[in-house]
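A.B. asks: Now for the letters of each chain:
Number of protein chains: 4
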Amino acid sequence: MEENHYSDDVYGRARVKNTPELDAYYQELEKLGAGALWTVANDIEPWEPKSNSVPMLWKYDDLRELVLKSSELVTPEQAGRRVVYLVNDKRKDVSAAVGWLYTGIQVTRPGEFTSAHRHRASALRFIMEGNKGYTVVDGNKIMLEVNDFVITPNSAWHEHGVEEDGETCIWQDGLDIPLVNALEANDYAVYDGKQPLINPINHSPITFGGAGLLPADRQWDKPYSPLFKYSWSTVYPTLLEVAKVNEINPFDGILMHYSNPLTGGHVMQTMGAAMQLLPPGFKGKAHKHTGSFVYQCAKGEGYTIINGTRLDWKERDIFCVPSWAWHEHHNLSETEDAFLFNFNDLPVIEGLGLFQGKELEENNGHQMY
Amino acid sequence: MEENHYSDDVYGRARVKNTPELDAYYQELEKLGAGALWTVANDIEPWEPKSNSVPMLWKYDDLRELVLKSSELVTPEQAGRRVVYLVNDKRKDVSAAVGWLYTGIQVTRPGEFTSAHRHRASALRFIMEGNKGYTVVDGNKIMLEVNDFVITPNSAWHEHGVEEDGETCIWQDGLDIPLVNALEANDYAVYDGKQPLINPINHSPITFGGAGLLPADRQWDKPYSPLFKYSWSTVYPTLLEVAKVNEINPFDGILMHYSNPLTGGHVMQTMGAAMQLLPPGFKGKAHKHTGSFVYQCAKGEGYTIINGTRLDWKERDIFCVPSWAWHEHHNLSETEDAFLFNFNDLPVIEGLGLFQGKELEENNGHQMY
Amino acid sequence: MEENHYSDDVYGRARVKNTPELDAYYQELEKLGAGALWTVANDIEPWEPKSNSVPMLWKYDDLRELVLKSSELVTPEQAGRRVVYLVNDKRKDVSAAVGWLYTGIQVTRPGEFTSAHRHRASALRFIMEGNKGYTVVDGNKIMLEVNDFVITPNSAWHEHGVEEDGETCIWQDGLDIPLVNALEANDYAVYDGKQPLINPINHSPITFGGAGLLPADRQWDKPYSPLFKYSWSTVYPTLLEVAKVNEINPFDGILMHYSNPLTGGHVMQTMGAAMQLLPPGFKGKAHKHTGSFVYQCAKGEGYTIINGTRLDWKERDIFCVPSWAWHEHHNLSETEDAFLFNFNDLPVIEGLGLFQGKELEENNGHQMY
Amino acid sequence: MEENHYSDDVYGRARVKNTPELDAYYQELEKLGAGALWTVANDIEPWEPKSNSVPMLWKYDDLRELVLKSSELVTPEQAGRRVVYLVNDKRKDVSAAVGWLYTGIQVTRPGEFTSAHRHRASALRFIMEGNKGYTVVDGNKIMLEVNDFVITPNSAWHEHGVEEDGETCIWQDGLDIPLVNALEANDYAVYDGKQPLINPINHSPITFGGAGLLPADRQWDKPYSPLFKYSWSTVYPTLLEVAKVNEINPFDGILMHYSNPLTGGHVMQTMGAAMQLLPPGFKGKAHKHTGSFVYQCAKGEGYTIINGTRLDWKERDIFCVPSWAWHEHHNLSETEDAFLFNFNDLPVIEGLGLFQGKELEENNGHQMY
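Chains as they are written, first to last, in the numbering used here: chain A, 172 to 540; chain B, 172 to 540; chain C, 172 to 540; chain D, 172 to 540.
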């Protein structure tokens with residue numbers, strides 16, 4: 172049966188040849204807002220998952236100046252936010268970097284801040300550069316440092332800025348805007364003025380960021396993590412230690428999900444995120460699975476082979492892996508760890524029962540390129 | 172603020188005017204697979220949910236002959252299944268009836284059966300006509316009668332047929348194929364031959380269809396309902412009785428979800444379904460909410476006003492309500508109940524935190540048309 | 172190792188012999204509210220679960236007259252409720268029938284009713300005799316018929332009665348009073364007068380008793396079933412049908428749990444209940460497991476062998492099976508089904524991770540007696 | 172009604188006076204293993220929760236020498252474990268410190284170790300003294316330091332010891348043995364020899380102790396926390412920081428539960444644990460609630476008033492608060508924080524729906540003593 176696996180010439184697939192009679196029939200159907208299933212069945216029922224996206228790499232060396240330039244060309248008042256968004260060659264119609272995920276690079280200069288707003292779409296950020304940047308999420312001000320990961324979930328009021336005495340901040344935004352638009356559920360509202368702070372600075376990461384500890388009198392009924400910031404200052408040493416006492420996964424090295432401490436699940440309902448460590452000399456094996464991923468190199472340098480194409484990355488470079496694309500990660504250094512941050516739509520894919528994966532068997536698990 | 176609610180000329184929205192310098196900048200970005208967010212922001216961040224679908228009505232009187240004709244034009248061997256699918260004028264590219272939901276009308280003649288197959292997409296059926304039709308789901312054969320609702324979930328092997336001594340059966344199929352394709356996760360496999368039966372006929376509805384009773388030694392780890400058939404013979408009297416002891420919901424009459432008896436949740440991970448009773452003379456008020464719905468009138472006659480357009484339906488007619496469309500249901504009879512079956516994507520919309528609704532306040536809750 | 176399994180003379184058990192020095196030491200400890208663990212360790216750490224209860228049988232023929240007599244001896248005003256409670260010979264100190272479960276037989280005459288009250292303990296009833304009995308649970312009046320099972324959960328206001336034109340009703344009460352007292356959490360309150368009804372009669376069983384159907388606009392945040400009555404009129408035919416399409420379990424025949432339709436779990440947080448059908452000639456095999464059970468024969472006649480003692484029962488007889496007692500059920504009729512109702516503490520035992528079981532291997536799975 | 176609240180002379184309570192006829196009736200019932208509910212009803216249905224335990228304080232200054240002496244009087248081979256257990260004056264029959272919770276103080280000298288064993292009862296430890304102590308849980312060796320909290324859950328193989336080059340270790344054991352015995356579900360098994368280690372030392376706390384991070388390829392299906400140790404080295408600074416950005420709870424100061432990072436729930440199914448910080452000069456208000464608690468002072472000094480009795484404690488002292496006892500905690504120092512560790516049966520009380528609480532209103536929330 173495996174032999175027939177990709178053939179549409181088997182019983183159970185549509186194999187109808189056109190005839191004048193059928194053509195007339197199809198026209199009749201069309202007038203009524205209908206069609207014959209067998210004319211589209213093989214197309215809409217593929218043998219395997221198919222992605223509309225292509226692998227892409229965005230080099231920070233190319234983009235950084237253009238990002239900074241945006242902060243000169245337009246003001247926050249004009250633009251809302253100064254963001255260069257990264258768009259997949261095959262997903263321009265939905266402004267997505269891959270699948271249904273949006274990503275962009277945002278710049279904020281000292282003393283600047285955006286207006287507060289909220290939307291049904293969820294957002295996250297990964298900090299790339301700067302000092303004394305902050306975000307305010309539902310009245311909680313949180314200071315941002317390089318390689319920190321922060322969330323601004325579904326319908327939470329949020330605004331961002333950099334203190335007067337800080338340094339220009341650049342961060343990557345990740346949103347599920349294309350997905351929420353596709354699901355016809357997005358909305359948007361602007362806050363009249365600045366949000367009042369309801370807690371001391373960094374209340375959330377301090378209160379919910381103690382390993383294995385939760386406040387007894389917490390009152391949290393939101394479907395997302397109460398931990399809004401995952402600090403590089405704790406994430407980095409954790410991965411170093413975990414790597415010492417765990418087997419290295421042949422596909423992913425040491426891969427750890429950012430998790431909601433109240434559920435052990437993903438940080439938000441529609442997007443997950445993870446940090447992974449590729450040990451020195453790591454040559455990952457290839458697998459493919461459903462779900463779309465946007466990566467940023469947080470540290471080190473290496474390359475990822477995606478469907479046979481090698482993409483070389485170093486710190487701050489961004490690339491994407493489409494659903495069901497073969498991919499393998501390699502650390503180019505023999506002495507230094509490499510770290511890859513990613514965000515993804517796994518909560519959607521897993522939550523709807525759509526996750527599946529496959530390991531490459533040929534060539535000892537490595538792609539030819 | 173309400174006054175500005177639909178204006179993009181407020182702080183927090185993109186209000187950048189084109190200049191030659193900006194145009195040059197945009198071109199530079201485009202070369203790198205990038206763009207300036209403010210050029211698309213207002214478009215991808217709408218104030219309110221927006222649907223790409225339009226309301227549509229498919230009259231069974233128009234379609235029935237064409238459906239029957241399909242069974243003469245092509246064989247199951249050629250076509251897989253003889254199905255006339257119903258397609259939204261604005262969703263032809265994804266073969267969807269509304270949103271990301273597919274629906275079609277399938278015909279099977281006595282003695283015919285389809286090959287067994289499975290797919291990551293989930294499917295459901297609502298029986299319209301005929302006698303001694305059956306479906307086989309993961310080795311469980313289930314007999315079908317008019318107005319029965321049955322599920323063939325994600326990756327379950329299934330095949331359908333009509334006994335030799337039965338009568339031609341017509342049923343409505345509902346699938347999430349467009350959604351699963353959009354999420355780049357669909358797959359398909361054909362079963363080599365017919366599935367062996369692992370249980371007596373109707374084992375599932377008999378074993379899991381006892382109200383408030385579950386077998387003590389059940390072993391069920393699937394993410395969907397073990398109850399594969401919801402019989403009209405119990406659904407109909409239940410709704411009649413429920414209507415007697417409950418207040419009539421002003422929008423929906425008596426609306427009951429088909430539910431998984433092991434969880435109280437939707438029958439499958441990606442699609443839900445419901446049956447509703449509109450009492451004699453019922454004039455529903457209008458509301459709108461996220462989520463896409465395909466309806467079939469199971470009994471009676473009436474009309475639904477969707478975004479100001481009146482669609483008149485009677486038994487077996489099919490229509491759809493797009494996400495965030497105002498809709499209100501009316502029973503045209505002053506003496507008989509009307510029953511509407513629907514299936515929908517609520518498990519997706521609710522599960523991802525995207526449900527919201529609004530009631531029409533003007534005109535005592537009724538649309539002008 | 173199996174050989175040593177019940178020996179305390181192995182490494183890892185306490186094997187300290189008394190000495191004068193140790194005796195002095197023990198006395199010193201005792202003064203401080205302390206002791207040496209090894210003096211009690213083998214006692215408090217048994218090799219296998221141990222029950223403090225003994226198997227008991229209460230014949231309805233013996234009890235019925237005494238139950239009726241209670242309604243002549245005292246009034247509801249004096250006694251609150253006229254109940255003959257059944258007490259295990261080894262659990263008199265906690266008024267339990269078995270383990271931490273209380274049971275009693277309550278009588279109410281036409282026109283009588285109890286005062287409304289509530290308690291942290293949960294209660295359930297199984298109807299034995301009479302006509303036009305009712306219970307009111309949180310404002311919901313529910314009519315009772317023979318072999319109906321009803322719940323009056325944790326902290327729900329409840330009262331019972333029989334209509335003026337009814338017939339004297341007798342039912343079995345089951346409560347977790349001993350457990351909730353042991354856990355030092357019980358309370359009690361009397362309602363000032365009669366509860367006002369908030370719904371039409373039988374609203375709960377009608378609204379939540381439709382197989383696989385749930386009201387779309389339900390609002391239920393209680394940790395127990397919204398279905399308050401499980402009617403014999405649906406339970407009985409369901410078990411008959413289930414028996415036809417399922418294998419008969421060698422220990423339990425056809426055993427079905429009453430379940431919460433919103434969760435698929437037990438009806439209440441501390442007590443579960445089940446109905447089981449023993450087919451004609453059924454000779455159950457013996458097993459033992461943790462959890463305490465109170466049975467009532469709902470129909471037919473048979474016997475249960477518990478730890479080697481045979482207890483013969485017929486309709487309305489009540490008996491108990493203690494935790495970790497070998498037990499096997501036999502139907503004495505070769506032509507009629509027998510039905511056993513039981514209630515138990517499985518939600519506690521399972522919920523706290525304390526369930527385990529063992530099948531009897533000797534003698535083809537049957538006890539000698 | 173409040174006036175009658177504690178009176179049994181109200182309608183709805185049993186108020187039957189003895190008569191010769193009733194006495195005869197009671198004797199008849201007794202012969203059948205039965206009784207009249209109204210003779211015990213008011214006793215088994217108390218108005219408010221009642222505890223069988225009394226508040227107790229165990230001073231470490233008194234106990235330490237006796238604990239050390241146990242290690243001279245008996246060997247691990249004889250005693251299994253050298254433990255001085257602490258027993259409530261009113262719970263000697265079940266060897267409980269309070270409610271259904273057992274606690275003891277265990278000593279292990281350098282080079283000593285216990286045999287590996289397991290039991291259905293769950294266990295936890297809080298380290299009081301020593302160096303290079305360790306526990307092995309299901310093949311995971313974990314090093315112990317002062318004020319660390321570790322779990323050895325339901326049915327996990329475990330053994331303890333101190334390295335040859337360590338220092339005598341003393342720790343507090345907490346177990347639910349009385350509860351699991353009462354629920355008639357306990358068991359015990361000894362491991363033949365020492366457990367083989369399946370992971371590097373401290374694998375569990377390193378792998379699951381990263382705040383907000385979980386290994387992507389984890390495989391954990393146990394109903395308890397995969398994090399076996401909660402280190403004082405992270406717990407202490409976390410509470411200090413949390414105290415700076417949170418309001419001080421008037422009853423509990425800063426109270427944080429040890430939590431299962433996969434669920435946000437309690438660390439085990441039957442026992443929870445917490446650490447709390449009482450700021451300098453903290454004078455807690457009194458409340459009472461269901462649930463039993465055993466405390467150990469981890470740092471500082473203060474006193475707790477329980478049902479009007481003041482118990483003064485300092486580092487290493489142990490005391491208990493029974494269910495539904497008024498209690499308030501005071502820090503005696505005006506300059507130093509005080510820290511109280513506790514373990515409790517909250518998972519049972521909450522899980523079974525038995526939690527309730529009450530705040531003291533009189534005297535500005537403080538007890539007279």
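Because the hints were derived from the structure by calculation, they are not lab data.
Just so it is clear, CB atoms sit at the ideal spot from N, CA and C, and this is done for glycine as well.
Honestly, I wouldn't trust all of these hints.
[What the hints assert, rightly or not] The calculated lysine-lysine pairs, modelled on BS3-like cross-linking and capped at a C-alpha distance of 27 Å, are: (1) B/Lys202 to A/Lys485; (2) D/Lys303 to C/Lys230; (3) D/Lys470 to C/Lys188; (4) C/Lys188 to B/Lys312; (5) A/Lys393 to D/Lys365.
[To be verified] Per label pair, the in silico range of CB-to-CB distance: (6) B/Phe526 to C/Lys365: 11 to 21 Å; (7) C/Gly310 to A/Pro408: 50 to 60 Å; (8) B/Pro408 to D/Asp194: 30 to 40 Å; (9) C/Lys365 to B/Glu418: 16 to 26 Å.
A.B. asks: Determine which of the earlier numbered hints do not hold for this structure and return their numbers in increasing order.
C.D. replies: 2, 3, 4, 5, 6, 8
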